[in-house]
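For reference, the chains in residue letters:
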Amino acid sequence: MSVSCDLLVIGAGPAGLAAASTAAKRGVDVTLMDEQVAPGGQIHRAMESRAFKAESVSRADDERGVALVAEFRASGSRYQPGTQAWQMQADGKVYVTDGARARVITARRVIIAAGAIERAVPIPGWTLPGVMTVGAAQIRLKTITYKPPAETWLAGSGPLLWLYAAQVIEAGGRIAGILDTTPGSNRMRALRHIGGALGHVAYLKRGLTLQRCVRAAGVLVVNHVEALEARGEGCVQSVRYCVKGDWREAPAALLLLHQGVIPHTHATRALGAEHHWNVLQRCFVPNLDSWGNTSIESYAAAGDCTGIVGAEASLLQGHIAALEAARALGKLTPAQRDELAAPHFAHLWRHLAARRFLDALFAPRASLLNPADDVVVCRCESVTAKQIRDAVVLGAMGPNQVKAFTRCGMGPCQGRLCGLAAAEILAAARGKSMQETGVFKVRAPLKPLSLSELAALEE
Amino acid sequence: MSNVTVNVEGKAISVPAGESAAGAALAAGLTHTRVSPVTGEPRAPYCMMGVCFECLMVIDGVPSRQACMVPVREGMRIERQTAVEVWK
Numbered sequence: 001m002s003v004s005c006d007l008l009v010i011g012a013g014p015a016g017l018a019a020a021s022t023a024a025k026r027g028v029d030v031t032l033m034d035e036q037v038a039p040g041g042q043i044h045r046a047m048e049s050r051a052f053k054a055e056s057v058s059r060a061d062d063e064r065g066v067a068l069v070a071e072f073r074a075s076g077s078r079y080q081p082g083t084q085a086w087q088m089q090a091d092g093k094v095y096v097t098d099g100a101r102a103r104v105i106t107a108r109r110v111i112i113a114a115g116a117i118e119r120a121v122p123i124p125g126w127t128l129p130g131v132m133t134v135g136a137a138q139i140r141l142k143t144i145t146y147k148p149p150a151e152t153w154l155a156g157s158g159p160l161l162w163l164y165a166a167q168v169i170e171a172g173g174r175i176a177g178i179l180d181t182t183p184g185s186n187r188m189r190a191l192r193h194i195g196g197a198l199g200h201v202a203y204l205k206r207g208l209t210l211q212r213c214v215r216a217a218g219v220l221v222v223n224h225v226e227a228l229e230a231r232g233e234g235c236v237q238s239v240r241y242c243v244k245g246d247w248r249e250a251p252a253a254l255l256l257l258h259q260g261v262i263p264h265t266h267a268t269r270a271l272g273a274e275h276h277w278n279v280l281q282r283c284f285v286p287n288l289d290s291w292g293n294t295s296i297e298s299y300a301a302a303g304d305c306t307g308i309v310g311a312e313a314s315l316l317q318g319h320i321a322a323l324e325a326a327r328a329l330g331k332l333t334p335a336q337r338d339e340l341a342a343p344h345f346a347h348l349w350r351h352l353a354a355r356r357f358l359d360a361l362f363a364p365r366a367s368l369l370n371p372a373d374d375v376v377v378c379r380c381e382s383v384t385a386k387q388i389r390d391a392v393v394l395g396a397m398g399p400n401q402v403k404a405f406t407r408c409g410m411g412p413c414q415g416r417l418c419g420l421a422a423a424e425i426l427a428a429a430r431g432k433s434m435q436e437t438g439v440f441k442v443r444a445p446l447k448p449l450s451l452s453e454l455a456a457l458e459e
Numbered sequence: 001m002s003n004v005t006v007n008v009e010g011k012a013i014s015v016p017a018g019e020s021a022a023g024a025a026l027a028a029g030l031t032h033t034r035v036s037p038v039t040g041e042p043r044a045p046y047c048m049m050g051v052c053f054e055c056l057m058v059i060d061g062v063p064s065r066q067a068c069m070v071p072v073r074e075g076m077r078i079e080r081q082t083a084v085e086v087w088k
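For the record, the sequence lines run as chains A and B. The numbers in the numbering used here rise by one with no breaks, and the one at position 121 of the first sequence is 121. The numbers in the numbering used here rise by one with no breaks, and the one at position 53 of the second sequence is 53.
Read the hints as simulated data drawn from the structure, not as lab findings. Incorrect hints may have been included.
[Said to hold, decoys possible] In silico SDA-like links for lysine to any residue, alpha-carbon gap of 25 Å or less:
(1) A:Lys386 to A:His347
(2) A:Lys147 to B:Pro71
(3) A:Lys147 to B:Ala17
(4) A:Lys386 to B:Arg65
(5) A:Lys441 to B:Val38
(6) B:Lys11 to A:Gly234
(7) A:Lys147 to B:Arg80
(8) A:Lys386 to B:Ala17
(9) A:Lys386 to B:Arg80
[What the hints assert, rightly or not] Rough simulated footprint, nothing fancy, chain A against chain B, three-plus residues with beta-carbon under 8 Å:
(10) 5-15
(11) 35-41
For each residue, glycine too, the CB sits at the ideal point set by N, CA and C.
Construct all of the structure, not just a fragment, from the sequences and the given hints.
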């Protein structure tokens, strides 16, 4: 069955929910589709089924999430959970599947709010069972209050390490230790942006509170970790880490990796929208105007998929993109749109200024982005860093040639996980910038699709 | 939260209703949930949010399902995926 709507919103995180609610309020006929089974995105995951504690480290997020989901539920928007897009066309046709049948949604406007994914930074042994991301463990904590085994190590860099550790402690669990790879020199770099951070001290206060909570619980924190390795037979059994050239090893039942988050750009790239390299955030982001419009007519983007902005700013970008959609659909005059959007822009600038401090403070350690030859980079096709470097020697100029030479990025994840990591290795091997190097081209279907799903498509 | 009973590799296990099939497989004690069709190495769920496709499993007889994206249902059959299932 085909669906037609004025506005299709893709993604039910803060940006998507805010966009749907705001557009619906202006009389726009909205359909919101999301690949998860319940609204909230990753940050507000399982919002409607979770039990909340009044005194929680995530209380402010939770309260915002509950309000956001409730407002969306009451907005009159059509909601299609468990639905993935596999092709997007400039004519507003978006092909989707619910895992059983493919369908087409025809929309006059589309707002892509695909959110963020965790930056994959390959280390030796990261394909071993028992090595996961911090985000993965946090999802289990949110959905079923899963407490990790006692010999759980967190390794990497970024606010999520501290948030997750604090949440585990709050849930009565334990963490063996945090192996922090944040380079010491980041602090000096971040200081340049302290002015912006002081404009929004909530971020700073929250970070300090989380760190205090984790340290007070007696969690071992190892700073200045230069290199990491997961070891084991059949599953992870220990983690090795290097501090000042000195390797140490500790038993591990679960190793959780995290190197910050990057925009999930598969949808905007599949669409063929223009992107550029964001130097401070070390990721590709779509080219947008101030209303979130992409380079493709009638397609906008909002939230973390446009560059990492965080949940609160994502919500503001969702409102702004929705007001622009309402204007484009004739529900608001440009003057009305401007007036309604003005307070959102004012708040947004404050968040974005503070974000630069966090970006600089948690910039990934450069040496980790260029792993040793024998490290698997593409997990799906088991392609190593050496195979990528060899492809360069054979004459591969860009990511798409590396893909053709090695199958890197050609497995079921279609380069979602390894795309940026492979591009970093390629850029370093060729001595080129990331902007010049680019990333894999994304082609339809942008999610694997079975022939029976495709056969169910009626146009 | 209520519980549902699923069948992981032939063994019944009770899990919370909000759990995913991948989560149920981990709760059932499976260390690996699939075998890499390229190298034959054991692999297990990595991202739990639909990005990495490491959690591909056979669910109710259908191969290559992203187990982290499939919510558990009463009586669901969840099985490890080896290269053989992919080509069936």
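Hints, verified against the model:
1. A:Lys386 to A:His347: The given pair, whose Cα atoms are some 46 Å apart, is violated under the 25 Å limit.
2. A:Lys147 to B:Pro71: This hinted pair holds, its Cα atoms lying about 20 Å apart.
3. A:Lys147 to B:Ala17: Given that 25 Å is the threshold and the Cα spacing comes to 17 Å, the pair holds.
4. A:Lys386 to B:Arg65: Given that 25 Å is the threshold and the Cα spacing comes to 31 Å, the pair is violated.
5. A:Lys441 to B:Val38: 23 Å, holds
6. B:Lys11 to A:Gly234: The given pair, whose Cα atoms are some 21 Å apart, holds under the 25 Å limit.
7. A:Lys147 to B:Arg80: 24 Å, holds
8. A:Lys386 to B:Ala17: 44 Å, violated
9. A:Lys386 to B:Arg80: Distance ~30 Å between Lys386 of chain A and Arg80 of chain B Cα, so the pair is violated.
10. 5-15: violated (count 1)
11. 35-41: holds (count 4)
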